[in-house]
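Assemble the whole structure, with the sequences as input and the hints as a guide.
Protein chains: 2
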Amino acid sequence: MDNFSFYSPTYFAFGKDSENQAGQLVKRFGGSKVLLHFGGGSVIRTGLLDRVKKSLEAEGIAYIELGGVKPNPRSGLVYQGIEICRKENVDFVLAVGGGSTIDSSKAIAAGTIYDGDFWDFYMGKRIEKALPVGTVLTISAAGSEGSPDSVITKEDGMFKRGASGDAIRPKFSILNPALTQTLPPYQTACGVTDIMAHLYERYLTNTKEVEVTDRLIEALLLTMKKEGARAVAEPDNYEARANVMWAGMMAHNNSCGVGRSQDWNSHNIEHELSALYDCAHGAGLAMTMPAVFRYVVKHDVMRFAQVATRVWGCQMNFADPEKTALEGIDRLQQFLISIGMPSKFADIGAKEEDIPKLVDVLCNGDGRTGSISGFVTLNEEDCTKIYQMMV
Amino acid sequence: MDNFSFYSPTYFAFGKDSENQAGQLVKRFGGSKVLLHFGGGSVIRTGLLDRVKKSLEAEGIAYIELGGVKPNPRSGLVYQGIEICRKENVDFVLAVGGGSTIDSSKAIAAGTIYDGDFWDFYMGKRIEKALPVGTVLTISAAGSEGSPDSVITKEDGMFKRGASGDAIRPKFSILNPALTQTLPPYQTACGVTDIMAHLYERYLTNTKEVEVTDRLIEALLLTMKKEGARAVAEPDNYEARANVMWAGMMAHNNSCGVGRSQDWNSHNIEHELSALYDCAHGAGLAMTMPAVFRYVVKHDVMRFAQVATRVWGCQMNFADPEKTALEGIDRLQQFLISIGMPSKFADIGAKEEDIPKLVDVLCNGDGRTGSISGFVTLNEEDCTKIYQMMV
Chain Y
8 MDNFSFYSPT YFAFGKDSEN QAGQLVKRFG GSKVLLHFGG GSVIRTGLLD RVKKSLEAEG
68 IAYIELGGVK PNPRSGLVYQ GIEICRKENV DFVLAVGGGS TIDSSKAIAA GTIYDGDFWD
128 FYMGKRIEKA LPVGTVLTIS AAGSEGSPDS VITKEDGMFK RGASGDAIRP KFSILNPALT
188 QTLPPYQTAC GVTDIMAHLY ERYLTNTKEV EVTDRLIEAL LLTMKKEGAR AVAEPDNYEA
248 RANVMWAGMM AHNNSCGVGR SQDWNSHNIE HELSALYDCA HGAGLAMTMP AVFRYVVKHD
308 VMRFAQVATR VWGCQMNFAD PEKTALEGID RLQQFLISIG MPSKFADIGA KEEDIPKLVD
368 VLCNGDGRTG SISGFVTLNE EDCTKIYQMM V
Chain P
8 MDNFSFYSPT YFAFGKDSEN QAGQLVKRFG GSKVLLHFGG GSVIRTGLLD RVKKSLEAEG
68 IAYIELGGVK PNPRSGLVYQ GIEICRKENV DFVLAVGGGS TIDSSKAIAA GTIYDGDFWD
128 FYMGKRIEKA LPVGTVLTIS AAGSEGSPDS VITKEDGMFK RGASGDAIRP KFSILNPALT
188 QTLPPYQTAC GVTDIMAHLY ERYLTNTKEV EVTDRLIEAL LLTMKKEGAR AVAEPDNYEA
248 RANVMWAGMM AHNNSCGVGR SQDWNSHNIE HELSALYDCA HGAGLAMTMP AVFRYVVKHD
308 VMRFAQVATR VWGCQMNFAD PEKTALEGID RLQQFLISIG MPSKFADIGA KEEDIPKLVD
368 VLCNGDGRTG SISGFVTLNE EDCTKIYQMM V
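Those protein sequence lines, which keep their order, are chains Y and P. Positions in the first sequence are counted from 1; adding 7 to them yields this note's numbering. Positions in the second sequence are counted from 1; adding 7 to them yields this note's numbering.
To be clear, the hints were calculated from the coordinates, so they are not data collected in a lab. Values in this document were obtained by computation on a predicted structure and should not be read as measured data. Hints are supplied without guarantee of correctness; some may be wrong.
All copies of an identical chain are treated as equivalent in the list; a pair is satisfied when it fits inside any one copy or across any two copies.
[Unchecked claim] With a straight-line Cα cutoff of 27 Å, these simulated DSS-like cross-link-like pairs (lysine-lysine) come out: (1) Lys132 with Lys34; (2) Lys23 with Lys215; (3) Lys34 with Lys136; (4) Lys178 with Lys351; (5) Lys94 with Lys40.
Below you can see the structure in the form of structure tokens.
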């Protein structure tokens with residue numbers, strides 16, 4: 008196991024009606040004037056935004072609203088949020104929504120008290136400080152509610168890039184599984200896929216002797232296999248939603264990813280798809296994961312055989328472990344298809360002729376020099392073949 | 008799943024040589040004058056205490072030493088520590104040792120800035136504030152490095168009782184697995200048993216639909232089965248020690264115990280054994296767990312059958328699930344015996360004729376009225392039978 012540090016100081020309020028604690032929690036963590044950041048109509052339609060406002064008002068906390076966050080959140084709205092926060096002396100950013108809203112809030116929180124362009128952080132600059140951020144989560148997926156990460160798409164060039172830092176970890180996150188019961192099956196399935204990808208990206212490691220984190224990741228994958236499928240089939244099922252919600256947080260706060268190298272190639276290869284075609288991140292991952300895994304399976308057959316037997320219930324083929332490894336990848340893909348996820352380029356409107364452009368931006372964009380690295384280093388030829396496997 | 012809140016803001020520095028970060032971390036969390044609290048000779052003999060002092064000195068942090076913590080830490084030394092901290096205006100308590108030293112440090116930290124008797128907290132009073140506490144852990148067992156809990160034995164009457172509160176959660180914990188390599192197999196096994204007990208006490212729940220936490224607990228039990236046994240058999244094995252160390256923290260910071268009722272009867276029944284006979288807590292748990300589990304198995308046969316199949320590799324007996332449930336308990340006990348743990352009263356010098364006294368203190372001490380409650384409520388007759396099963 009590698010040396011590491013782990014710090015996850017987010018306060019989680021989990022359960023029914025927990026959004027009514029928003030005002031108290033903003034106060035507890037020092038907020039007095041809030042940027043209330045959200046996406047489209049659903050948080051208004053369901054009355055959630057009103058309940059959160061009421062909770063803020065009950066504590067005498069002022070707020071300014073900024074809606075309009077879109078999936079794959081854009082830099083334009085971040086610049087707008089930063090301007091508002093500076094002009095209005097906002098001291099707390101409260102995200103009401105899913106991963107996109109939270110990521111946009113984190114970017115605003117870091118950018119407001121930074122002299123330069125916030126995009127610097129997404130080009131690798133260390134985030135030293137930020138306004139405090141809180142969240143009221145409405146979809147289990149990105150894990151941004153418990154993570155130090157944020158992913159933003161720069162409109163000029165449609166680059167999708169991530170930034171990270173303890174300063175943008177939420178001070179609190181309100182997790183009410185009932186808020187996710189209104190999500191349609193497709194969006195639920197995208198979230199389930201994203202959570203499973205966060206687990207696989209940590210599972211694929213070159214670090215030896217990591218039984219504890221292997222077992223924890225497998226535990227969460229087993230949970231998603233059962234409860235993720237149930238949440239898609241029975242959107243109203245509170246218990247399934249609750250299990251998925253805690254699993255989604257645990258999958259990405261990194262308690263199960265410490266002390267080991269991680270992968271993230273499937274995420275990087277996907278980011279170009281959702282940046283170019285604006286497809287759901289989860290939908291893109293449902294295609295990139297099986298392709299990447301089949302492409303790299305020989306790099307560590309036993310690791311893929313282990314997850315195949317422990318999570319997917321495959322019988323170990325001791326004469327030919329690669330067969331077991333591949334069977335596990337097949338079962339993962341069958342599972343993703345069974346919950347309604349795409350498996351081919353055409354399903355998300357992607358085009359084979361775009362592959363050279365996808366590969367070029369992926370391998371040469373933003374300072375990369377011809378390859379991406381993770382579990383395996385993949386050059387332009389590798390990435391071309393991987394995209395072709397999805398056609 | 009039940010509603011819950013979860014807050015685990017401890018900073019973990021994990022890995023080789025991490026004790027050299029002690030000074031920087033005390034400074035980061037606001038300490039300038041430290042009570043350096045420890046147990047016996049081993050932290051001196053191994054040079055650990057010297058390395059920690061050097062690290063404090065490098066940051067210009069003053070310290071006062073207080074050694075002498077014993078297993079099952081006593082109230083007497085806590086009173087002494089409180090007096091020193093008050094007299095010397097100490098602003099940070101740094102524990103260098105195992106669970107006993109950490110628990111004693113937490114009690115001192117809470118007692119120093121409390122007007123009344125610190126024992127009030129162990130009689131149920133809420134801990135509102137405390138001096139900040141940091142830890143340098145030397146044994147994987149109690150989980151106190153990441154928990155809000157402390158257990159102290161009151162010398163007057165030998166009552167062993169616990170207190171809990173976010174204010175006594177360590178600000179940081181330094182986890183260097185190499186520091187545990189000097190532990191002999193018996194002490195290692197006691198720690199492994201304690202960690203497994205923290206998992207079982209959470210596993211035995213009356214809350215339904217808790218797949219995510221069930222799976223996480225099973226993951227950590229599977230880790231202990233493999234890596235715990237390996238750490239006992241190969242004390243010098245850094246990798247086994249590292250896996251056990253992270254599993255021990257995760258087992259007790261409650262991320263795998265949220266949203267569900269818990270048990271803790273095995274701990275309560277054990278506490279009377281270690282209070283009266285001063286045996287190792289883990290050794291006592293190795294006896295109480297199998298006895299309690301066999302006694303209550305009919306309360307939820309399927310729960311015991313689940314852990315038997317998922318963790319202990321038993322084949323499910325679909326015609327008679329209780330057989331599987333009992334086989335799982337047998338395998339747990341065989342495992343504990345295999346790592347050198349006791350199974351009978353005589354092994355720890357306990358006497359059958361003491362049972363009425365044990366039961367009386369257990370069920371009627373400190374405000375209890377004839378029973379203890381957890382997974383199942385156990386009255387004096389039940390507890391008598393359970394102790395008799397260990398004779």
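Cross-check of the supplied hints:
With identical chains, the CA atoms of Lys132 and Lys34 are at most 27 Å apart between copies only, with a shortest distance of 25 Å across copies and 30 Å within one. Taking identical chains as interchangeable, the C-alpha atoms of Lys23 and Lys215 lie at most 27 Å apart only when they sit on different chains, with a minimum of 16 Å there against 41 Å within one chain. In this homomeric assembly, Lys34 and Lys136 come within 27 Å of each other (Cα to Cα) both inside a single copy, at 19 Å, and across copies, at 19 Å. For the identical chains of this complex, Lys178 and Lys351 are neighbours neither inside a copy (39 Å) nor across copies (49 Å), given an alpha-carbon limit of 27 Å.
With identical chains, the CA atoms of Lys94 and Lys40 are at most 27 Å apart within one copy only, with a shortest distance of 12 Å there and 42 Å across copies.
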